[in-house]
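> Here's the letter readout for the chains.
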Amino acid sequence: QITLKESGPTLVKPTQTLTLTCTFSGFSLSTSGVGVGWIRQPPGKALEWLALIYWDDDKRYSPSLKSRLTITKDTSKNQVVLTMTNMDPVDTATYYCAHSGYSYGYLPDYWGQGTLVTVSS
Amino acid sequence: QSALTQPASVSGSPGQSITISCTGTSSDVGSYNLVSWYQQHPGKAPKLMIYEVSKRPSGVSNRFSGSKSGNTASLTISGLQAEDEADYYCCSYAGSSSPYVFGTGTKVTVL
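Line by line, the protein sequences give chains A and B.
Taking the working numbering, I'd label the letters of the first sequence as residues 170 to 290.
Taking the working numbering, I'd label the letters of the second sequence as residues 288 to 398.
Derived by calculation from the structure, the hints in this document are not laboratory data.
Everything numeric in this text was worked out from a predicted model, so none of it was measured.
Here a beta-carbon is modelled for each residue, glycine too, at the ideal position from N, C-alpha and C.
Certain hints may be false.
Quick list of in silico lysine to aspartate or glutamate cross-link-like pairs, EDC-like style, CA-CA up to 16 Å [unchecked claim]:
(1) 214/A with 371/B
(2) 342/B with 278/A
(3) 334/B with 278/A
(4) 235/A with 260/A
(5) 174/A with 260/A
(6) 214/A with 243/A
(7) 174/A with 243/A
(8) 182/A with 278/A
(9) 246/A with 226/A
(10) 342/B with 372/B
(11) 394/B with 371/B
(12) 331/B with 278/A
Here are some chain A residues the structure puts well away from chain B; computed CB gaps all over 10 Å [unchecked claim]:
(13) 214
(14) 261
(15) 275
The following block holds chain A by itself, in its conformation from the complex:
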């Protein structure tokens, strides 16, 4: 049974750096073809893909946010960490992490519950 859970601050100030952790179970991020990605959703708005890290440590970023994002993994801890610099109120959103793999077409299949991050002074 695959599960993921996001954790991190619920409130950050403008210009600060956000660090979110995705802790997962039921799969290994060292298995070929597996990835963990981050997706966000501003209140009342659509889903937006942010970043993705693969089992082989290959990393991909949304072109529009690439300069602000860093994704890393700790396979031994079953964790993936996303950092986003220079936070702005428009970054207020629910942030999800999600598993992807060959079973369901390499797009997100299992999702965490999400964590709401508010950017405000």
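With chain A's structure known, arrange chain B on it following the hints.
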């Protein structure tokens, strides 16, 4: 990388069928048979309903079906039920450099 285009809203009466479109480009939807659809109820995480254009994960009702023609993918919900009222998002693989692109989302209302 632009978001895939979906209608903002679709509605139908119980028992009817509705179809949600998801229009991309030849760089995403048109190039790969890797389109997924997600159902999202208020305050909940997205749930995978369709993958690889037309396949259903175990446990998803066969009232949900998917298809694709050219740069447009579609999700059809047949025998509409009250519990189907939710937001629906498509997602397509868009190449190795920027793998995911999501749709703009569609609110389904059961009248």
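> Evaluate each hint against the coordinates.
Cross-check of the supplied hints:
{"no.": "1", "hint": "214/A with 371/B", "result": "19 Å, violated"}
{"no.": "2", "hint": "342/B with 278/A", "result": "13 Å, holds"}
{"no.": "3", "hint": "334/B with 278/A", "result": "8 Å, holds"}
{"no.": "4", "hint": "235/A with 260/A", "result": "14 Å, holds"}
{"no.": "5", "hint": "174/A with 260/A", "result": "20 Å, violated"}
{"no.": "6", "hint": "214/A with 243/A", "result": "31 Å, violated"}
{"no.": "7", "hint": "174/A with 243/A", "result": "15 Å, holds"}
{"no.": "8", "hint": "182/A with 278/A", "result": "32 Å, violated"}
{"no.": "9", "hint": "246/A with 226/A", "result": "15 Å, holds"}
{"no.": "10", "hint": "342/B with 372/B", "result": "21 Å, violated"}
{"no.": "11", "hint": "394/B with 371/B", "result": "10 Å, holds"}
{"no.": "12", "hint": "331/B with 278/A", "result": "15 Å, holds"}
{"no.": "13", "hint": "214", "result": "8 Å, violated"}
{"no.": "14", "hint": "261", "result": "16 Å, holds"}
{"no.": "15", "hint": "275", "result": "6 Å, violated"}
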